[in-house]
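Residue numbers (the working numbering), protein chains in the order written: chain A, 1 to 257; chain B, 1 to 275.
Hints are supplied without guarantee of correctness; some may be wrong.
Label-pair distances were calculated between CB atoms; the ranges are [claimed, not checked]:
id, chain 1, residue 1, chain 2, residue 2, range
1, A, Ala-100, B, Val-100, 28 to 38 Å
2, B, Pro-186, A, Glu-253, 32 to 42 Å
3, A, Ser-102, B, Val-100, 54 to 64 Å
4, B, Gly-92, A, Gly-108, 42 to 52 Å
5, B, Val-100, A, Arg-252, 50 to 60 Å
6, B, Ala-25, A, Glu-251, 38 to 48 Å
7, B, Leu-267, A, Ala-159, 54 to 64 Å
8, B, Ala-205, A, His-98, 58 to 68 Å
9, B, Asp-170, A, Ala-58, 45 to 55 Å
10, A, Ala-159, B, Val-43, 17 to 27 Å
11, A, Pro-84, B, Thr-31, 16 to 26 Å
What the hints contain is simulated information worked out from the structure, not anything from laboratory work. Just so you know, these numbers come straight off a predicted model, no measurement behind them. Here a beta-carbon is modelled for each residue, glycine too, at the ideal position from N, C-alpha and C.
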Amino acid sequence: MDLIADHISHRFDALDVLDDVSFTVRAGEVVAIVGPSGCGKSTLLSVLGGLLRPSGGAAELRGAPPKDSLNPLTFVFQDFALLPWCTVEENVAFPLEHTALSAAERRGIVDDALRRTGLFDFRGTYPKQLSGGMRQRVGIARALAVKPAILLMDEPLSALDSQTRELLMEDFVRLLADGAMGAVYVTHNLEEAVRLADRIVVLSRRPGRIRKVVPIAMTRSERGDRNVREKLLALQDELWSLIREEAIDAEREVQHA
Amino acid sequence: MLERAPSETPSDIDTKSRPVEFRGAGFTPSTGRASGWIALALVIALWQLAGSAGWVNPLFLPPPSAIAVATYKLAMSGSLWQHLGWSVMRIGTGWLLGTVAGVIVGFAIGLSTLARGVGITFISALFPIPKIALLPLLILWLGIGEEPKIATIALGVFFSTAISVYSGVDAVPRNLIRMAQSFNVPFHAIVRRVIWPGALPSILAGFRITASVALLLVVSAEMIGAQYGIGAFVLQAGNLMQTDQLLAGVVILSLFGLAVGKLINLLEARLLHWR
C-alpha cells in the first residue's frame, strides 16, 4: 500500500504552514522528513495520518492494505501518548478493544507485540513506573499490535537520552528490516534520518515546501558497516548544508516571538 | 565565595579543603501527622482548663467535657440520630441529584461546541448567586416540604460539579485523544476509556468541594425552615442558650464533614491508584 501526499497545503489562520507538498511513500519504504524548526513536519504527518484536514490537497492511499492490518496508518508519538491509568498490557490492548477480535485473539496479539518489544515481563506495570525508553517501547508495541502498513513516527526518539535513542534506533532498524512495513519518520536529527530512511524529504522554512528529496542508495544493514560511515557523514553534511541557513533564521524567529 | 575570611591568606584557600556550605534546606514541608494531633490535644486541653478554671463563662463557651456529655445524652435519647438522619437524607438526595445533573451537563459542555456556548453562559451567570437566597423562591415553587431544601442543595452542588467536570474534560491531554482517534477508536469508547478516567481527578476534587457546599446548604436550609435536622437543632439550641448542645451539633457537623472527606480519600485511593 502506498501513501501519497498530493499537493498538500495548510494554514493555521493567517499562518501558512505547508505549501504544495507532494511525494509518495511506496509500500515498505521508509521516508524521513527533515527541515528547520517550524517548517510543518509534524503538521504534514498529522495530515498524512488523517488527524488534520489540510487547507489544500489531500493525503491518499493506493493499493490494498495487508489483509490482517487493523489500522494501516499507525502513529508512534513523540510523547508516547500512553494512558497513565492503564498497565503496559492494557495500553497495548487498547486499540484492539473495539475490534471484532475475540479475547483470545487479542491476548495472542498483545503477547506477541510485548515479546517483540521486550516488554513481556513488564506487562503489569504502569507507565509512570517505566523509563522514557520503555514507555516508547510500549508505544511501539501498541503500534505493532494493529499490524500497520505504514508507521507514522513523529520524532519518536527526541524525548529520550542518547543511549536510549541508540537502542531504540536498533529496534526500528530490526522492525523495518523485512520491508513488510513502511514508515514516515519525522525528525530534526539528521543522523537518525540517514540511518533509517530510504529517502529523505527536506522541507524549507515555513511555509514548508519540498527543497530536495535525497535518496540513500544503500540498505539499512549496510549502513551499520564502519566502511560506509564516511558516506553517511557526507550525506549528513549535505542535508545540513540544505537546512543550516534556514535553521538559523528559524531559531531567531522563535527567539523574537 | 565572593569574599574571603580576613584570617585566611590566598595560599590557605588554595591548599586547605573545606566543606561546601549546604544551602538546600527548607521549602519541602512534609505532613507530620503527630504534630497535628498534638496541637489539637493541646488546644482542647487549654480550652478545658479555661472552662474548669472559670476563665471563660461556660454559657458562652462550654468546656469540651460539657460538649461531650451533651453529645452523649443526645445520642442516648435518640434525638441526635433523628436530626442526623434528616440531614443525611437531605444532603444525600440533594448531592446525588446535583451531582448526576452536573456530571451530565459538565460532560456535554466539555464535548459539544453548542452545549459549551450555551452552558458556560448560563453557569457564569448563575454560579455566583448564593443558592440559599433562592430557598424562599423554591418554597413558593415546590411547597414547604423537603423539596425546596433538597433543591437548594442540588442547585449548589450542580454548578460546582458541572464546572469541575468540564474543567476536568478540558484538562485531559489532547495527545491521548488524538492517539485514540489515530487508532479509529469510536467516540463513545474515547469518552469511556480516555476522557472519563482523565477527568476523574478533577471530578473527585469537585466532589470534595460539593460535599462541603452540601453541608453548608443543608445547615442553612434547616435553619430557615425545618423542624428536624442538625441545622434546625443548632438553631433551637442557640435560641434556648443551650450552648453545650449547640456546640455538640457543630462537632457532629464537623465529624460528618471529616467522614465524607475520608470517604472521598478512599474513593481517590481506589480510582486514582495509577497516579
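Exercise. How does the Cβ-Cβ distance of Val-100 (chain B) and Arg-252 (chain A) compare with 50 to 60 Å: does it lie in that range?
Worked result: holds (55 Å)
Problem set entry | Outcome for the supplied range 45 to 55 Å, where the beta carbon pair is Asp-170 (chain B) and Ala-58 (chain A) | About 31 Å separates the Cβ atoms of Asp-170 (chain B) and Ala-58 (chain A), which means 45 to 55 Å is violated.
For this session: Hint says 32 to 42 Å; check whether the CB-CB distance for Pro-186 (chain B) and Glu-253 (chain A) agrees.
Result: holds (41 Å)
For this session: Determine whether the Cβ-Cβ distance between Ala-205 (chain B) and His-98 (chain A) falls within the hinted range of 58 to 68 Å.
Result: violated (30 Å)
Exercise. So the hint says 54 to 64 Å: do the beta-carbon atoms of Ser-102 (chain A) and Val-100 (chain B) match that?
Worked result: violated (36 Å)
Exercise. Is the gap between the beta carbons of Pro-84 (chain A) and Thr-31 (chain B) within 16 to 26 Å?
Worked result: holds (24 Å)
Problem set entry | CB-CB spacing for Glu-251 (chain A) and Ala-25 (chain B) relative to the 38 to 48 Å hint | holds (39 Å)
Exercise. CB of Gly-92 (chain B) to CB of Gly-108 (chain A), is that within 42 to 52 Å?
Worked result: Holds, at about 47 Å.
Exercise. Does the hinted range 54 to 64 Å hold for Leu-267 (chain B) and Ala-159 (chain A) at CB?
Worked result: Given a distance of about 33 Å, which is not inside 54 to 64 Å, the answer is violated.
Exercise. So does Ala-159 (chain A) sit 17 to 27 Å from Val-43 (chain B), Cβ to Cβ?
Worked result: violated (50 Å)
For this session: Look at the Cβ atoms of Ala-100 (chain A) and Val-100 (chain B) and judge whether their distance stays inside 28 to 38 Å.
Result: Because 34 Å falls inside the window, the suggested range holds.
The earlier numbered hints that this structure contradicts are 3, 7, 8, 9 and 10.
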